[in-house]
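Protein chains in written order, with this note's numbering: chain Z, 1 to 174; chain H, 1 to 193.
Just so you know, not all the hints are guaranteed correct.
[Said to hold, decoys possible] Quick look at which bits of chain H chain Z covers, simulated, 3 or more residues with Cβ under 8 Å: (1) 40 to 49; (2) 57 to 69; (3) 82 to 91; (4) 127 to 140; (5) 148 to 155; (6) 174 to 181.
Simulated from the structure, these hints should not be mistaken for lab results. All figures in this text were calculated on a predicted structure; none of them were measured in a lab. C-beta atoms are modelled at their ideal positions from N, C-alpha and C, and glycine is treated no differently.
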Amino acid sequence: MKSRTMDQESLSALMDDELTLFEKHRQLTRLMRDHELQQQWQRYHLVRDELQHHLPQQFSLDLADSVAAVVAEEPLPQSEVEKVAVTSGWRRQLAAVAMVASVAGVALIALFVTQNVERSGVPITVASGENRTEKAGASLQQMRPYLVNHTALASGLRSQGFSPYVTLVGHHRQ
Amino acid sequence: MSDADVDLLLVRKVQQGDKAAFDLLVRKYQNRVLGVISQYIRHSGDIHDVAQESFISAYRAIGNFRGESAFYSWLYRIAVNTSKNWIKARGCRPPGSDIDVADAIDYGMEPLTNYDTPDTLIHSHQVAEVIGQVMEEMPQDLRLTITMREVEGMSYQEIAEAIDIPVGTVRSRIFRAREMIDNRIRPLMEGGD
């Protein structure tokens, strides 16, 4: 009985915002679970509204109950930010998948092109060390007929007053 | 006098999914909201419907309430907008035309929603009569304290300093005064009209 009176006195102090934050939380939790205290909360506010001249000419006693019945069927409240986050969630996932797919696609294309180039015989890597010397020798063999033809053509052109645009460079194997 | 902290605590609880906290806000502000709506709409059944719609709109939008203004100011705007929308939806002439808005509502058009009309209506003069009577019968120290609190809006500390009593005594007197009034109001509320 004494505890009940203390609850009611705390409720009265809560209405006046005269409790510590801890007491407010505790009293509100108690209030939300106790139907009788809720009725008292309503009546205390009714008296306050009358003393402060906020009462309408007529008022209904079952408004809170009818609102509570509708609210019980409502989904939990969400902020606009949360709504946007929920509705755009699938878009963000789709964008992430698209990005991953794009990167994978580029990688595949690059791999495909590289393999084709290597198959066509055009070197794509720089030879080093002994390999470089051997390859240079092979290239010289391939170029020799071209150089011979070019030299012959250049001498012909020089006699007609044209300068050859390629300077011949000698190649000496060590 | 401000109890905005309590409102904000309740709002945060609602935002965290506690519907019982919203019920406390409704019980706290229902009379004021009815008062606001009654400035636009005359029929008590319609006022009840629009008040219900206002509170449901508030519940749906409460996720966006950040506490930048007082909860009641926010709720007040919702009640005003709901009242105006209700008037428009019923095809009534807008304010400023040759028929007064309140008269336009009296034309008896179909209601916007199918919410039940209130089963129990109380006239404020009944409440005012009872409260006035109890205040007269109340010991003077209680009457003075509750008046300083509810009418003058003074804090417990201010009351304590003004009449030179401990803050604990102020708290106790205010509670006893409220209890005296509540004991007489309760039968009226439980019985209805």
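How the hints compare with the structure:
no., hint, verdict
1, 40 to 49, "holds (count 3)"
2, 57 to 69, "holds (count 6)"
3, 82 to 91, "violated (count 0)"
4, 127 to 140, "holds (count 3)"
5, 148 to 155, "holds (count 4)"
6, 174 to 181, "holds (count 5)"
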